[in-house]
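Novice: Let the hints inform the model, and build the full structure from the sequences given.
Chains E and L, in that order, are what the protein sequence lines are. Here the first sequence is numbered in my numbering, starting from 1 and rising by one per residue. Here the second sequence is numbered in my numbering, starting from 1001 and rising by one per residue.
Hints are all accurate, no fakes.
Calculated lysine to aspartate or glutamate pairs in the DMTMM-like style (CA-CA distance at most 25 Å, straight line):
(1) E:Lys399 / E:Glu144
(2) E:Lys225 / E:Glu185
(3) L:Lys1140 / E:Glu86
(4) L:Lys1082 / E:Glu164
Over 12 Å on every C-beta distance to chain L, these chain E residues come out as not near it, computed from the model:
(5) Lys94
(6) Gln96
(7) Gly160
(8) Val276
(9) Glu281
In short, the hints are calculated from the structure, not lab data. All residues carry an ideal CB built from backbone N, CA and C; glycine is no exception.
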Amino acid sequence: MKIIRTICYSVLVLAGTACQPVEQAKEVGIQPEPAETVAAQSLGHGQPDKLLWGDTHLHTSNSADAFSFGARLTPADAYRFARGEEVVSSSGLKAQLARPLDFLVVADHAEGLGLSVELFNGNPLLMTDAKARRWHDMLNAGPEQSFKVAKEMITSLSTGTLPEPITNPKTVVPLLRATWHRNTEVADEFNTPGVFTALIGYEYTSVPQGNNLHRVVVFRDGKAKTDQILPFSALGSEDPEDLWAVLARYEQKTGGQVLAIPHNSNLSNGRMFARVDFAGEPIDEAYATDRARWEPLVEITQIKGDSESHPFLSPNDEFAAFGDAGWDLGNLSLQQLKKPEMLAGDYVREALKTGLDLGAETGTNPFKYGVIGSTDSHTGLSTADDNNFFGKHADSEPKPDRIRHVVNGSIPGRATRIGWQYQAGGYAAVWARENTREEVWDALKRKEVYGTTGPRMRVRFFGGSGFGADDAKSANMAGIGYAKGVPMGGDMELDEGETPSFLVAAMKDPDGANLDRVQIIKGWRGIDGETYEQIYEVNWAGNRTLNEDGKLSSIGSTVNVSDASYDNSIGASELSSIWQDPDFDPDLPSFYYVRVLEIPTPRWPAYDAKRFGVEMPEGTQTSQQERAYTSPIWYTPK
Amino acid sequence: MASSKFGSFFKKVWKDPLIHFLLLGGLLFAMFYLNGGAVANRDKGIHLSLAAQQHLADLFEITWQRAPTKDELSNLIAEQIKEEIYYREALALGLDENDTIVRRRLRQKLEFMHEDLSGNAEPNEVQLRHFFNTHLDRYKTDRVISFEQVLISTQTVHGTSDVATQALRALASGVSAGKISRSSLLPVSMRLETGRAISNVFGSDFLVGITEIGPGEWRGPIYSSFGSHLVKITLDQPSRPLSFANARTNVTTDFIRDRREAAAIRYYQDLRSQYRITVEKQP
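Specialist: This is the structure we're talking about:
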């Protein structure tokens, strides 16, 4: 324990990040951008009219666990793949994205950044320790031994038995610094304003007793500023408040800007959105202010499950169970199994509701989260489509038996996660004016972003007052949206007596499946101090009518599982409309977000079964309705 | 010029203690080889000059940003002596042979050394212009297209040609596009966009369709997954060569990279030609 504490202080000092009061953030506004790239179709008011697609959470061989599981692709390979070039995957398969991404954050684990590569190469600074030498030999002895190292590393991390040189800042800090500087250099090299954005970032991997409190840290800045610090490691402190202090120090020191995005709240066993802080004290205004300031977004969906909703919390939502199977058995490591009372701190919809309540109590809403999706892939390959799923780790790249793999940490007979439960998913959609670091980051910061489970639906969402029915059909729909309201991620301003109305428009993925329906999900805090939610069916395909409970019948399915195919003979290519809240109460704080559902399509195990001619294990989910979740629009009573 | 080359080479060497270690080791190995001894070279003794001690202190300082204390320095010296003894004994036992790590590091070191000696000098204007002129295909703008479109049907299958013919006739007679179009969120026009941007909005089928028709009057139907469209291309600007001034930064990067790669290939081929290599075939 003493060693760990020593590192904490050393890393803090070396990173120039001793704890200091957090400086209040200055507002990030929309600033004009030099028009050096090809002229964009303009809305005439400098409003964001470019929809950019990306992944804010990708690991490469520089992540200690990824390397040990066989990942050999570097950040440069990851950028090449993301921008559309063909690369050879770690398992030797040629891989290329059918549709390139517009931006990418390489977010390798800060803990032991670049370390596995050094162990593998036998860096003499590490080879002074017997365990490290053994790991070196095992990493060089083929995949099976290499996977064992990954597992031993994870165990050593959680039991505090890492080899001495790895916990010794004198050894590790120079290695960490070298890797970090190489990363920032490569990011700058691949960052091409107007064409492809490479944002600099890392992952802070806090996981107390196996409860996932991970955050991805994303910088607005380039190498010149980010080289002035080192990634903050959970070996230094597992308390996210210490991370925020470090981020504040970064901004003070460099004049740069940075934010953090929590993920896999579904594996936190109630801790990610708890009503108490890390030490167990009730959340107060200072905490709420810091959290809202540093964490504008949460990653709502990714390979290790979907964190939007759970049937236990939302029994009236027939779509709530998406991406929950297996992941809701316990925390990240399965050291502790899930109890129902933990779920409220695990899922984003509930957190948005809790946030309204804490906001009323403390004066500031700590969970005022916009949402994005991302992959958290550990292969260097950002793939989110079911027909090109390249797996979580390099050992689950396409191969016949991967749908049956038992996921690491499973306890046979008690809590087992199976390969097919991985979700091929998670992309971030960003409304910006140009594809630059500044524009993408500013959109993340102001929450004008949304998440999808993989498909690239185009979604607009504005809240305000006075929208007319024709506005949803106008060619200048977005222009009207900005003029009469605020976009996703914003706060509605209403005059006395006004009822909020919303402009919501969704288009299918131009190369994907049709849409089933558009829903608005509302949460509010009643005068009784309880929180509530309601799902409104806003617009849908086909001749269906709402029943007396306001429910809509199923769209049906065209999925042929054995052929891993579907067709667009059902569903709509676009759905747009104006919606007014029929139950609006100006005295109650509330939020509204949009959920767009596609018609059913095959899941990746169905593609695998067809491609490899294998049987799927019993219980495999073979089709699903993929979806987009927008950042909410909030209403706060004056 | 020469001093900066060597400066950056040595910087790279000092940054990596293992390279330093191997450099020293290489020398010792050479001595050992010349002596032809099968036992460790014990007779020569071990002498650490003041300069060598200073060197250890310098290395320490590069890593830790401060001079070593007296104790630290004597530890460094003791470690260095131990390392040399073990190193000589290990060489005598032939432990360096067929060790993957040693081989990999030696190869890497040679590559680093050669790379540094062969290629980071800033190219001059003449070299850059020559490179630019011989690689013109690399320095071009993207093809960009401006167009207007109307969605005339949500049918994505063929069989909408009657609707298209009627709509085309109406457009030709001066009816505005807005009157004909079905309401849609699709933009009615895009200006100066690349194929990738167009395909992100309208899909890949539509892109293929419009890249074939060329500028002029309204044409169609063009199919996308949203339905059938009529399209009027107002500008189709093919990929154009960049001027040298606009391409200069990329030319410089490419020139240096190409020169380095070419030098590495030449260097290897030169070495390889001095070996007689046979690879046994499967019987």
